[in-house]
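Asker: Sequence:
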Amino acid sequence: MSKKYWLMKSEPTVFSFDNLMAKPDATDHWEGVRNYQAHNYMREMQKDDLVLFYHSNCEIPGIVGIAKVIREAYPDHTSWDASSRYYDPKSSLQNPRWFMVDVQSKKKFRHIISLKELRKVPELQEMNLLRKGQRLSVMPVMQKDFEKIVKLAEATYSRS
DNA sequence: GCCAACGTTGGC
DNA sequence: GCCAACGTTGGC
5 MSKKYWLMKS EPTVFSFDNL MAKPDATDHW EGVRNYQAHN YMREMQKDDL VLFYHSNCEI
65 PGIVGIAKVI REAYPDHTSW DASSRYYDPK SSLQNPRWFM VDVQSKKKFR HIISLKELRK
125 VPELQEMNLL RKGQRLSVMP VMQKDFEKIV KLAEATYSRS
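Under the working numbering, the first residue of the first sequence carries the number 5, and numbering increases by one thereafter.
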C-alpha cells in the first residue's frame with residue numbers, strides 16, 4: 005500500500021513540535037484523540053506515512069514541521085488512567101476504546117507555515133484544514149497538498 | 001473572552 | 001429515534 009499523508013493538530017502549550025523533538029529518539033505516542041472520526045483516521049495510518057504537525061489554539065496557528073508514523077495504532081493507555089485528562093471510563097485494558105500511534109519528528113520548518121499563509125495559496129483551498137467548521141484533530145492530506153506545503157517551507161528557507 | 005460550528009449526552 | 005442542552009474546538 006502506498007504512503008499516505010496526514011495532518012495532526014496539537015496545542016503547543018500542551019505538546020509542541022519542539023516537545024516531540026526533545027523526546028528520546030524524537031519519538032512519542034500521540035495520546036488523547038477522543039473523537040471517532042479523527043480516531044478512525046488514526047487507525048488507518050501506516051508505518052512511514054508522513055504527518056504535517058499543526059499548532060492550534062495559539063498565537064500563530066499553522067504547520068510547524070513534518071513527522072513520520074513509526075508505530076501503527078495500539079491501545080491508548082491514557083484512556084484507562086483515571087488520573088489522566090484523557091480518561092474515559094468506558095475504556096479498559098481488556099476492551100480498549102481508543103488507540104494511538106507513535107510518531108517521530110522528521111523536519112522542523114524554519115518558519116511556521118501559518119494558517120493565514122495557507123489561506124492565500126490558491127492550490128490549497130480544497131484542504132480539509134481550511135474548510136469552515138472542520139475541527140478534526142487528525143485528518144488526511146492529499147499528496148499534492150503535502151508536496152505544495154513542503155515547497156512553501158523550502159521557499160521560505162531560500163528566501164531567508 | 002467571544003462565539004460559530006460542530007459532537008455528545010440523555011430524557012422522552 | 002428525536003432533539004434540546006451541554007461541552008469542545010479553535011480562530012479571532
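You may find that some hints are simply not true.
Simulated pairs of lysine-lysine, PhoX-like, Cα-Cα distance not exceeding 25 Å [to be verified]:
| # | residue 1 | residue 2 |
| --- | --- | --- |
| 1 | Lys94 | Lys111 |
| 2 | Lys72 | Lys27 |
| 3 | Lys136 | Lys13 |
| 4 | Lys72 | Lys111 |
| 5 | Lys8 | Lys94 |
| 6 | Lys136 | Lys110 |
| 7 | Lys94 | Lys7 |
| 8 | Lys51 | Lys112 |
| 9 | Lys148 | Lys94 |
| 10 | Lys120 | Lys152 |
| 11 | Lys120 | Lys27 |
| 12 | Lys136 | Lys51 |
| 13 | Lys51 | Lys27 |
| 14 | Lys110 | Lys155 |
| 15 | Lys110 | Lys13 |
| 16 | Lys155 | Lys94 |
| 17 | Lys155 | Lys112 |
| 18 | Lys124 | Lys27 |
Simulated from the structure, these hints should not be mistaken for laboratory data.
Asker: Determine for every hint whether it applies to the structure shown.
Answerer: Verification of the hints:
1. Lys94 - Lys111: Between Lys94 and Lys111 the Cα gap is close to 37 Å, so the pair fails against 25 Å, i.e. violated.
2. Lys72 - Lys27: holds (14 Å)
3. Lys136 - Lys13: holds (16 Å)
4. Lys72 - Lys111: Holds, at roughly 9 Å.
5. Lys8 - Lys94: violated (31 Å)
6. Lys136 - Lys110: violated (29 Å)
7. Lys94 - Lys7: violated (33 Å)
8. Lys51 - Lys112: holds (20 Å)
9. Lys148 - Lys94: violated (39 Å)
10. Lys120 - Lys152: holds (15 Å)
11. Lys120 - Lys27: Answer violated: Lys120 to Lys27 is near 29 Å, above 25 Å.
12. Lys136 - Lys51: Violated. Lys136 to Lys51 sits at ~30 Å, over the 25 Å cutoff.
13. Lys51 - Lys27: Within the cut-off at roughly 19 Å; holds.
14. Lys110 - Lys155: holds (16 Å)
15. Lys110 - Lys13: Distance of about 16 Å is within 25 Å: holds.
16. Lys155 - Lys94: violated (43 Å)
17. Lys155 - Lys112: It holds: about 13 Å lies between the C-alpha atoms, which stays within 25 Å.
18. Lys124 - Lys27: Status violated; Cα separation ~34 Å.
Consistency with the previously given hints fails for numbers 1, 5, 6, 7, 9, 11, 12, 16 and 18, ordered from lowest to highest.
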